[in-house]
Amino acid sequence: MPIFRSEAQARILAWLFLVPDREQPIATLAPIAGVAQPNTLREVNRLVEGGLLRERRAGNTRLVAANTASPYFQPLVQILGRAYGPAVVVPQELAEVPGIELAVIIGSWARRYQGEAGPPPNDVDVIVVGSPPPRALRRANARLEEQLGVPVQLTVVTAEDWAEQPTVFLQTVHSSPYLTVLDNTGAEQ
Amino acid sequence: MNAAAQATIASLISAGEVERVPVDEAVVTNLLRQAGNHLRTAAAGAEADDPEGAFQLAYDACRKTSLALVMATGLRPKGQSAHVATFEAAAAIAANFGGRQTVTDAAQLRYVRHGAEYRAETVSAADVEDALAIGDELIKVLEPAIEQILQASS
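Chains as they are written, first to last, in our numbering: chain Z, 1 to 189; chain L, 1 to 154.
One or more of the hints may lead you astray.
One-sided excerpt, in silico: chain L residues whose CB lies under 8 Å from chain Z [what the hints assert, rightly or not]:
hint, residue
1, D24
2, D105
3, Q108
4, Y111
5, G115
6, A126
7, D127
8, D130
9, Q148
Distance ranges between label pairs, derived from CB positions [as the list claims (entries may be wrong)]:
hint, chain 1, residue 1, chain 2, residue 2, range
10, L, N96, Z, G115, 46 to 56 Å
11, L, A44, Z, P25, 35 to 45 Å
12, Z, E146, L, V21, 43 to 53 Å
13, L, K140, Z, T158, 50 to 60 Å
14, L, E25, Z, T185, 54 to 64 Å
15, L, K78, Z, G186, 49 to 59 Å
16, Z, D183, L, V21, 19 to 29 Å
17, L, G74, Z, Q165, 48 to 58 Å
18, Z, P38, L, E117, 22 to 32 Å
Reference excerpt, derived from the structure (chain L facing chain Z, CB under 10 Å, subset only) [stated by the list, open to error]:
hint, residue
19, I13
20, T104
21, S124
22, E129
If you are wondering where the hints come from, they were derived from the structure by calculation, not from laboratory data.
From the three backbone atoms N, C-alpha and C, an ideal C-beta is built for every residue, glycine too.
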């Protein structure tokens with residue numbers, strides 16, 4: 001996303017802003033930033049100097065976290081959530097799994113995405129419509145949790161149930177905000 | 001055990017999630033016997049239209065097979081996340097025997113288990129069938145590994 005200074009900067013911000021109680025040694029951020037340690041350090045230093053990250057020292061270790069008191073915190077959470085959050089990562093992972101007709105994000109992530117104010121949700125709920133192979137779906141679930149750093153619940157429902165909403169759960173889903181992130185229904189016809 | 005497995009085990013020990021205990025061959029054998037029994041009962045449960053019960057038993061069979069491997073190396077998981085620690089330690093050890101992916105697949109059954117236990121979701125026939133298949137694969141891969149470990153230590 002060309003909004004940010006670099007992809008590495010955006011990834012560091014997303015990792016720390018979308019889970020604001022996450023506090024982490026700078027040395028462990030390089031794999032998340034996807035660049036070498038010196039570049040990661042430069043990006044982190046800029047963000048600390050700019051007041052977007054707060055820093056704490058524990059012995060020789062520099063720990064950083066999102067500065068939730070920054071006036072940019074809330075708007076950045078919105079932008080990062082949109083650009084790097086579940087709405088982007090969930091369809092990327094689920095596109096690899098066969099047998100999925102539709103994937104929709106429900107619950108607090110869907111509400112935040114559609115503008116409800118509040119801190120980033122601490123889990124992600126997704127309805128998967130179709131009949132994906134269970135093992136492939138569970139592997140995707142694990143990769144999603146690794147990438148997003150929060151619990152991810154995938155609930156599989158059949159296309160028939162999704163259309164007819166026979167349960168209170170599905171009726172509630174349909175009457176609340178939800179976000180369709182993957183739609184293969186056109187491709188299959 | 002290779003260096004990566006040793007590092008994983010060392011970090012689990014220092015986090016207090018596993019502890020060193022003397023190897024008790026009878027306990028290990030008993031766990032494997034229980035796992036085999038659980039898989040048979042699970043398969044019967046699936047036939048008898050009890051997918052949730054069948055799944056729970058198949059999951060438990062996977063956990064006990066993994067626990068047998070961990071205990072054969074003189075380690076015992078403890079604490080609140082003992083299930084997680086069991087699978088983490090077993091995956092690290094199983095990497096030496098080509099069984100890492102199967103243990104990981106077994107550990108990931110927790111997604112279905114949590115859905116069934118805590119969100120009252122139903123368990124699909126496909127999930128039961130896959131859990132039974134993973135249980136069988138796990139025994140096939142880990143039983144010879146466990147025998148090898150016990151022989152080497154006796």
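| query | Hints broken by the structure, by number, lowest first? | reply | When the structure is compared with the hints, numbers 1, 9, 11, 12, 13, 16, 18, 19 turn out to be violated.
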